[in-house]
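Number of protein chains: 2
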Amino acid sequence: MGISAQIESSIQNSSMIRKMFEEGDRRRQLYGNDKVFDFSIGNPVFEPPPEVKQNLLKLIQSDEKGTHRYMPNSGYPATRRYIAGMLNRETGLPFGENDIIMTIGAGGALNVIFKTLLNPGDEVIVFKPYFLEYNAYVSNYGGQIRPVDTREDFQLDFDALEKAISGKTKAVLINSPNNPTGVVYSEADLVRLGRLLQQKSSEWGQPISLISDEPYRKIVYEKPSPSIFPCYDHALVATSYSKDLAMPGERIGYIAISPSHGDHGLVTAGAVLALRILGFVNAPALMQRLLPLVGDACVDITPYRINRDLLYNHLTSTGFSCVKPGGAFYLFPRSPIPDDVAFIEAAQQLNLLMVPGSGFGMPGYFRLCYCFETEMIERSLPLFTELARQFHLTD
Amino acid sequence: MGISAQIESSIQNSSMIRKMFEEGDRRRQLYGNDKVFDFSIGNPVFEPPPEVKQNLLKLIQSDEKGTHRYMPNSGYPATRRYIAGMLNRETGLPFGENDIIMTIGAGGALNVIFKTLLNPGDEVIVFKPYFLEYNAYVSNYGGQIRPVDTREDFQLDFDALEKAISGKTKAVLINSPNNPTGVVYSEADLVRLGRLLQQKSSEWGQPISLISDEPYRKIVYEKPSPSIFPCYDHALVATSYSKDLAMPGERIGYIAISPSHGDHGLVTAGAVLALRILGFVNAPALMQRLLPLVGDACVDITPYRINRDLLYNHLTSTGFSCVKPGGAFYLFPRSPIPDDVAFIEAAQQLNLLMVPGSGFGMPGYFRLCYCFETEMIERSLPLFTELARQFHLTD
Numbered sequence: 002m003g004i005s006a007q008i009e010s011s012i013q014n015s016s017m018i019r020k021m022f023e024e025g026d027r028r029r030q031l032y033g034n035d036k037v038f039d040f041s042i043g044n045p046v047f048e049p050p051p052e053v054k055q056n057l058l059k060l061i062q063s064d065e066k067g068t069h070r071y072m073p074n075s076g077y078p079a080t081r082r083y084i085a086g087m088l089n090r091e092t093g094l095p096f097g098e099n100d101i102i103m104t105i106g107a108g109g110a111l112n113v114i115f116k117t118l119l120n121p122g123d124e125v126i127v128f129k130p131y132f133l134e135y136n137a138y139v140s141n142y143g144g145q146i147r148p149v150d151t152r153e154d155f156q157l158d159f160d161a162l163e164k165a166i167s168g169k170t171k172a173v174l175i176n177s178p179n180n181p182t183g184v185v186y187s188e189a190d191l192v193r194l195g196r197l198l199q200q201k202s203s204e205w206g207q208p209i210s211l212i213s214d215e216p217y218r219k220i221v222y223e224k225p226s227p228s229i230f231p232c233y234d235h236a237l238v239a240t241s242y243s244k245d246l247a248m249p250g251e252r253i254g255y256i257a258i259s260p261s262h263g264d265h266g267l268v269t270a271g272a273v274l275a276l277r278i279l280g281f282v283n284a285p286a287l288m289q290r291l292l293p294l295v296g297d298a299c300v301d302i303t304p305y306r307i308n309r310d311l312l313y314n315h316l317t318s319t320g321f322s323c324v325k326p327g328g329a330f331y332l333f334p335r336s337p338i339p340d341d342v343a344f345i346e347a348a349q350q351l352n353l354l355m356v357p358g359s360g361f362g363m364p365g366y367f368r369l370c371y372c373f374e375t376e377m378i379e380r381s382l383p384l385f386t387e388l389a390r391q392f393h394l395t396d
Numbered sequence: 002m003g004i005s006a007q008i009e010s011s012i013q014n015s016s017m018i019r020k021m022f023e024e025g026d027r028r029r030q031l032y033g034n035d036k037v038f039d040f041s042i043g044n045p046v047f048e049p050p051p052e053v054k055q056n057l058l059k060l061i062q063s064d065e066k067g068t069h070r071y072m073p074n075s076g077y078p079a080t081r082r083y084i085a086g087m088l089n090r091e092t093g094l095p096f097g098e099n100d101i102i103m104t105i106g107a108g109g110a111l112n113v114i115f116k117t118l119l120n121p122g123d124e125v126i127v128f129k130p131y132f133l134e135y136n137a138y139v140s141n142y143g144g145q146i147r148p149v150d151t152r153e154d155f156q157l158d159f160d161a162l163e164k165a166i167s168g169k170t171k172a173v174l175i176n177s178p179n180n181p182t183g184v185v186y187s188e189a190d191l192v193r194l195g196r197l198l199q200q201k202s203s204e205w206g207q208p209i210s211l212i213s214d215e216p217y218r219k220i221v222y223e224k225p226s227p228s229i230f231p232c233y234d235h236a237l238v239a240t241s242y243s244k245d246l247a248m249p250g251e252r253i254g255y256i257a258i259s260p261s262h263g264d265h266g267l268v269t270a271g272a273v274l275a276l277r278i279l280g281f282v283n284a285p286a287l288m289q290r291l292l293p294l295v296g297d298a299c300v301d302i303t304p305y306r307i308n309r310d311l312l313y314n315h316l317t318s319t320g321f322s323c324v325k326p327g328g329a330f331y332l333f334p335r336s337p338i339p340d341d342v343a344f345i346e347a348a349q350q351l352n353l354l355m356v357p358g359s360g361f362g363m364p365g366y367f368r369l370c371y372c373f374e375t376e377m378i379e380r381s382l383p384l385f386t387e388l389a390r391q392f393h394l395t396d
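If you're matching them up, the sequences are chains A and B in order.
Reading the first sequence from the start, the letters are residues 2 to 396 in the working numbering.
Reading the second sequence from the start, the letters are residues 2 to 396 in the working numbering.
Repeated chains share a single entry, so a pair holds when one copy, or any two copies, can fit it.
Below 30 angstroms or equal to it, Euclidean Cα-Cα: the simulated DSBU-like pairs (lysine-lysine) are:
id, residue 1, residue 2
1, LYS66, LYS20
2, LYS219, LYS66
3, LYS66, LYS54
4, LYS66, LYS36
5, LYS20, LYS36
6, LYS20, LYS129
7, LYS219, LYS129
It is worth saying that the hints were derived from the structure and are not from the lab.
Please work from the sequences and hints to get the whole structure.
Given below as structure tokens:
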């Protein structure tokens, strides 16, 4: 065997998605870029807020020495103090610089958290549908994902959750605002979640960590997405600036560990060690130094809201069934036929590229990203009408 | 158990090094920064070559859109083509963009390589002394490091290597110019290494990969450090721009896979997948775009050579025994007493901070970094004289 057996089998399993991408590329070449509507990848076309460019220039023009050197593995103390201060003002909890660990994006943050927490056989509960990469992030460290059903509106189903928790449950992972559904959990639900985890931790005699993967937290349309920290003690946040500063290519994120976490000292020391032995060491220096300078800067989410309304209204008016998202930049409508992959292939024939719900552990649905120019979305609407007609949603 | 048992035990094991750092900090506070000579960490004090600043400014001032977005997981095609072209000119081998994968530094590159190659129980051979983090990088994926003795001058011992290779050997990992010894392998030795691995691969009926961790490749004083690619087919390079561009904080490196590698297609596809599931995805976008612009730029290594000569001459003239390094910025002298930790503690009492050889799997030695201002090194020399006197190296 030339390579890892596990990697070799994963290569084979990912061939379906690769085939889809290749078909998309083939169509772009055949019909032209402007005739193929790619709703498949959440790579925003909007530019970072102007503060990013202004402050990057300032940082690079400065004559300060040593700014590209290594810093402590967990990141610059000044950047971590800045983030701790922000969390302190938001939650009232006494966050300090040692509760913050700068990471290579949220994907890096989650890997570090799972490396820190998991023993072989431990389970991590996620809610369906979910980002399938979570399976790999958890199995990388010998753990096992346990997917739990949600309600019709993709909100938490506490009965299903309660049944799924066992002595094996090491953590519950939430993602709100959610990819792929766009749902945002309410404060009442987070409080109820915290109470349930508190009770179950006592029942099983071991703390269950609550991990919140929240890179979309600032991308919300009607109501804010509340913090988990006031709702539960054993809480960790994994996040990045990829979405709110529109710079996913720059890989800057962090882990925040609740100062009230029962294993606080062990978890913070463990995460710094995990960071190092995974080869992640420090997050990119320049971007770390940028964060305190740009403060609360955020991309203008107005185009996202316009896009959401345009697509949601059009899809539902042509007969698609869809939960209205409160955040992030995804829609997760029901596929008109149970076979979501066949449906996606039919859409592809109309040059509409989307991802089947199977890619999120939930067949029978499909995902659209809408982090694109409104003009592109407007031009695509007649094709959705045609798609609805083909599947007899309209007559 | 609140966290991973493996991480918890590693935290306990790393307490010795933490204690050393704490003692260093205590001494700095007590005696002042300029009275404590920290030779322990390889974090160069020199600034990146001027091309870095000029081109970062150009990139940020540009009005080009989309430059902070995601790119393909393995990096920008233009950056990968640039690196492939450079390797092609150097080796004559037909490197293409698909043979290059941009990574979060060399530590990230090695983790991706081991995730790609290793099955549980596989062995990776390294040469003593070696960077102990390799143990973690390999055991992260169920593999096992097999350290092999080197000669008195830290050059390869082919008899010892031959005896160590077995059916379990998945890869041989070299690091030349070497951390911690500074030795550089000759072309003749790399050719001999390639022949031995070829023969052993045939004997055992499975290819042994040769992995070269070479972030110091441009930091050489007398002779260049030759490429492994012309010496062996199943070859991979893991490297970074941390040392030659003096920007270790920016985390930019790459993996290069030989176009002649027998499992070439599987290894390249596997590495892209491993990158993704480890949460590394793309390397930082801005730094990727910088690389083709700065071309062959490299820090001025003159101060490193001056420092090497200054320290090497002083240490040997005061009775220390030391192999003269041909590259990197480390010296690895023999400890005057077998207990290298006790020796390091004695040096600490003189405000000389260094790392015991035990930290590199080789007790009885110690490591000094010399990537600092020459003036600091000059000021430290009397303390080394005093240290030699204390250990009766001089009378």
